[in-house]
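Start from the sequences and build out the full structure, keeping to the hints where you can.
Protein chains in written order, with our numbering: chain A, 1 to 175; chain B, 1 to 103.
Hints listed in this document are in silico derivations from the structure and should not be mistaken for laboratory results. From the three backbone atoms N, C-alpha and C, an ideal C-beta is built for every residue, glycine too. You may find that some hints are simply not true.
[As the list claims (entries may be wrong)] Quick list of in silico lysine-lysine cross-link-like pairs, DSS-like style, CA-CA up to 25 Å:
#: 1; chain 1: A; residue 1: Lys161; chain 2: A; residue 2: Lys76
#: 2; chain 1: B; residue 1: Lys3; chain 2: A; residue 2: Lys121
#: 3; chain 1: A; residue 1: Lys76; chain 2: B; residue 2: Lys3
#: 4; chain 1: A; residue 1: Lys161; chain 2: A; residue 2: Lys121
#: 5; chain 1: A; residue 1: Lys121; chain 2: B; residue 2: Lys81
[To be verified] Stretch-level coverage of chain A by chain B, calculated; a stretch enters the list once three of its residues show a Cβ under 8 Å from a Cβ in chain B:
#: 6; stretch: 78-90
#: 7; stretch: 95-105
#: 8; stretch: 119-126
[Said to hold, decoys possible] Just a few of them, taken from the derived set where beta-carbon distance is under 8 Å, the chain A residues facing chain B:
#: 9; residue: Asp112
#: 10; residue: Glu114
#: 11; residue: Phe116
#: 12; residue: Ser148
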Amino acid sequence: MSTAERSVHPSFVVSDTATEPPHIQGKFTRGSIMDDDLIYTDKSFMIVAFDTATATILPHFDRRATAATINRRIIKSFADLQPGWNGGSGEPVPDEVIQRALALIDRLEFQDMEIFPTGRKTIQFEFDIGTMSLEVEIGADGATILRSNEATGEEREFELKTDREIVDEIRRFHG
Amino acid sequence: MWKIDKNRPTSALFKDERGVSVSRSCGREELKCVQQMRIAFPNSLRVVSVDVNQCHEVGAQVYDCPNDMVPCHAEIHRNEKTALLTSSMARKLAVAARVIEYP
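See below:
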């Protein structure tokens with residue numbers, strides 16, 4: 001690995017010198033594995049490979065498909081969380097929650113979220129647009145939604161049961 | 001568990017069925033707290049601080065739970081009956097968290 005590259009996760013390599021393909025404009029996604037193992041995919045850094053053994057720029061960079069691919073990999077990585085992963089506490093994320101999150105990824109037209117595991121065996125999608133944010137905490141039985149506006153202090157917390165309701169809520173947030 | 005754009009932890013960090021495990025300052029200087037936290041959690045890259053008053057302002061409770069390893073251990077709970085914070089509480093604390101810069 002060259003000095004321009006740095007490993008931020010065993011399965012990921014980023015480069016801060018790679019030339020961005022001309023058809024990729026600006027930031028298209030960003031994700032976090034855990035413990036600050038961050039994946040950057042903006043103009044400063046871009047993912048050049050998913051595997052250190054094949055460190056090449058992905059051949060046909062499709063903006064949405066690439067983001068969805070990254071998001072799926074992040075979610076799948078949560079299956080490796082061990083008991084106590086969250087500073088001594090934290091349970092593994094159940095497979096049914098991982099599968100539900102993956103199913104949502106497949107249905108979402110908006111992939112501009114950050115994804116985190118929680119200490120209550122759920123997976124959280126976070127969308128931020130300006131001062132507006134949408135947190136979608138996915139569990140086995142549905143999702144807890146928190147819509148908030150930092151500028152006005154408005155907040156709304158509610159539950160949704162079906163994937164369709166969750167997808168619709170994310171679509172509404174994006175206007 | 002960090003939001004780069006916002007330079008703060010995600011609210012997911014504050015969502016734990018057993019309450020949010022924290023270390024109280026117990027009169028120690030901030031740098032000392034950070035040093036001891038980093039010894040206890042060598043893989044951590046950042047330390048944030050939340051005041052007890054901020055916990056109370058969002059409606060949460062802070063309970064002292066000292067143990068042999070961490071004498072100043074405490075937990076943030078939703079209330080006296082439920083440890084798990086609401087999403088709103090978790091987010092407010094994540095927003096309120098102050099990043100401690102250390103050498």
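Each hint, compared with the structure:
1. Distance restraint check for Lys161/A and Lys76/A: the Cα-Cα separation of roughly 22 Å lies within the 25 Å cut-off, and the hinted pair is therefore satisfied.
2. Proposed proximity of Lys3/B and Lys121/A is supported: the alpha carbons are some 20 Å apart, at most 25 Å.
3. As the CA atoms of Lys76/A and Lys3/B are separated by approximately 20 Å, the hinted pair is consistent with the 25 Å bound.
4. The hinted pair formed by Lys161/A and Lys121/A meets the criterion: a straight-line CA distance of about 17 Å does not exceed 25 Å.
5. Restraint check for Lys121/A and Lys81/B: the C-alpha separation of about 20 Å stays at or below 25 Å, so the hint holds.
6. Residues of the stretch 78-90 of chain A with a Cβ under 8 Å from some Cβ of chain B number 5, which satisfies the need for three, so the listed coverage holds.
7. For the stretch 95-105 of chain A, the assignment as covered by chain B is violated, since 0 residues bring a beta-carbon within under 8 Å of that chain's beta-carbons and 3 are needed.
8. Chain B is given as covering the stretch 119-126 of chain A, and this holds because 6 residues of the stretch bring a CB closer than 8 Å to a CB of that chain, at least three being needed.
9. Among the interface hints, the one on Asp112/A is violated; its C-beta lies about 11 Å from the nearest C-beta in chain B, farther than the 8 Å criterion.
10. Taking 8 Å as the C-beta contact cut-off toward chain B, the hint placing Glu114/A at the interface holds, the least distance being around 6 Å.
11. A distance limit of 8 Å between C-beta atoms decides the matter here; for Phe116/A the minimum to chain B is near 4 Å, and the interface restraint holds.
12. This hint holds: Ser148/A has a C-beta 6 Å from the nearest C-beta of chain B, less than the 8 Å allowed.
Violated hints, in rising order: 7 and 9; the structure is consistent with all others.
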